[in-house]
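Peer 1: Since the structure of chain A is provided, determine the placement of chain B on it from the hints.
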Amino acid sequence: MTKPVILISGTSRGIGKYFVEYFSEKGFIIIGCSRKPLEYKTNSEYHHFCLEVSDEKKVKEMFLFIRKKYGRLDILINNAGIGSMNHSMLIPIKTVQSILNTNVVGTFLLSREAAKLMKQNNFGKIINLVSVASSLKLEGEAAYAASKSAVLTLTEIMAREFAEYGITVNAVGPTPVKTDLIKGVPKEKLDRFLERQAIPKFSTPQDICNIVDFFINKKNDMITGQVLYLGGI
Amino acid sequence: MEQKQKITNLVFSVIDEINKELSKDDQIIKSLDSVIYGSNGQLDSLGLVNFVVAVEQKIEDVFEKSINLTDDKAMSEKNSPFQTIETFVNYIYDVLEKM
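Heads up: the protein sequence lines correspond to chains A and B, in order. The numbers in the working numbering rise by one with no breaks, and the one at position 5 of the first sequence is 5. The numbers in the working numbering rise by one with no breaks, and the one at position 58 of the second sequence is 58.
Just chain A, same shape as in the assembly (with noise of 0.2 Å):
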């Protein structure tokens, strides 16, 4: 049986190192990217790519390799993102930027490089990552949350244009994960989030996990420009 390719962003921690360990047991061909190079073994396939993924030159010279060298793309996962816990009145605007470049440009760009590739199979996966931040309306989130409201409205237009291509596009919605991105978050704060939703608990990488296989699953061709929410929202 041929081993899925997949792309996966944002790779050299959090959520995307747990990614690449998951995928690596499942034997995957892994390809993937950051800005620092990975600093951890992989068991499986795998290529690794410095870049920031909203620099089209780079991201597009990574998908002339994997072309030349796979000719083909079955999943891409969008999880590189940064956020910035800060009242809006006190975000720098290089910050909202740099949120902006990484979590709006960086999707859209990989998705459409993605869809270009995966178009000549008439087949491929998409995951964009989203957040409760955007469902809940989270303070001290404006930057963050606008941006993955973005990337929610790019999940929705554009599981409409590749679905010609036999491309599902979909979204998963973790609450918090106990990663870098939320480290500075005072406890309490983090705790009135957990709050608000029906299940008060953090979601952990494999509930991301458990989602993403859902959606790559070749059975749930029917599903598509959909977020799956975790934690009740």
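Check the hints yourself; a few may be wrong.
To be verified - Keeping only pairs whose Cα atoms sit at most 16 Å apart, straight-line, the calculated EDC-like set for lysine to aspartate or glutamate is: (1) K69/A x D71/B; (2) K6/B x D71/B; (3) K57/A x E60/B; (4) K57/A x D16/B; (5) K26/A x E45/A; (6) K69/A x E60/B; (7) K60/A x E21/B; (8) K60/A x E56/B; (9) K30/B x D16/B; (10) K119/A x E161/A; (11) K58/B x D221/A; (12) K65/B x E56/A; (13) K68/A x E56/B; (14) K119/A x D221/A; (15) K6/B x D61/B; (16) K58/A x D94/B; (17) K116/A x D61/B.
Hints in this document: simulated from the structure, not taken from any laboratory.
Peer 2: Relative to the frame of chain A, chain B by itself:
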């Protein structure tokens, strides 16, 4: 071989591939003045997407470098660089020159 002729041949080779999938009545004519997109164009918007992406990948294969054939005017009726084969070839030529 002159660069523009090389690009033209490359575009024609993609048209050959696309024509294999099209019915006899919908064949794209391999001529520089063939209207690809817009009024009297031979391709609808989805057909245009398929065509441009196929050309982009072919160029990457032949020239062995990544190229970006995106343009804000792509879907414009009046100013699209993809209106005719000739405007498309000129557009690709310009993109390659700027790289």
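Peer 1: Given the hinted pair K57/A and E60/B, is their alpha-carbon gap at most 16 Å?
Peer 2: holds, 13 Å
Peer 1: Under the criterion that the straight-line Cα-Cα distance not exceed 16 Å, is the pair K119/A, D221/A satisfied?
Peer 2: The given pair, whose Cα atoms are some 14 Å apart, holds under the 16 Å limit.
Peer 1: Does E45/A lie within 16 Å of K26/A when you go C-alpha to C-alpha?
Peer 2: Satisfied, since the Cα-Cα distance of roughly 11 Å is no more than 16 Å.
Peer 1: Has the given pair, K58/A with D94/B, been kept, meaning a C-alpha gap of at most 16 Å?
Peer 2: Between K58/A and D94/B the Cα gap is close to 21 Å, so the pair fails against 16 Å, i.e. violated.
Peer 1: Hey, K6/B versus D71/B, does the alpha-carbon distance stay inside 16 Å?
Peer 2: Cα-Cα ~22 Å, so violated.
Peer 1: Run the distance test for K69/A versus E60/B: straight-line Cα separation, threshold 16 Å.
Peer 2: Satisfied, since the Cα-Cα distance of roughly 14 Å is no more than 16 Å.
Peer 1: Given the hint that K58/B pairs with D221/A, does the C-alpha gap stay at or below 16 Å?
Peer 2: violated, 29 Å
Peer 1: Please work out if K119/A and E161/A have their alpha carbons no farther apart than 16 Å.
Peer 2: holds, 11 Å
Peer 1: Is it true that the CA of K69/A sits at most 16 Å from the CA of D71/B?
Peer 2: violated, 28 Å
Peer 1: Would the pair K60/A and E21/B pass a check requiring their Cα atoms to be no farther apart than 16 Å?
Peer 2: Since the Cα atoms of K60/A and E21/B sit roughly 28 Å apart, the hinted pair is violated (cutoff 16 Å).
Peer 1: Is the hinted pair K57/A and D16/B satisfied, with a Cα-Cα distance of at most 16 Å?
Peer 2: Not OK: K57/A and D16/B at ~29 Å, beyond 16 Å, violated.
Peer 1: Straight-line Cα separation of K60/A and E56/B no greater than 16 Å?
Peer 2: Status holds; Cα separation ~11 Å.
In terms of the numbered hints stated before, the structure departs from hints 1, 2, 4, 7, 11 and 16, listed from lowest to highest.
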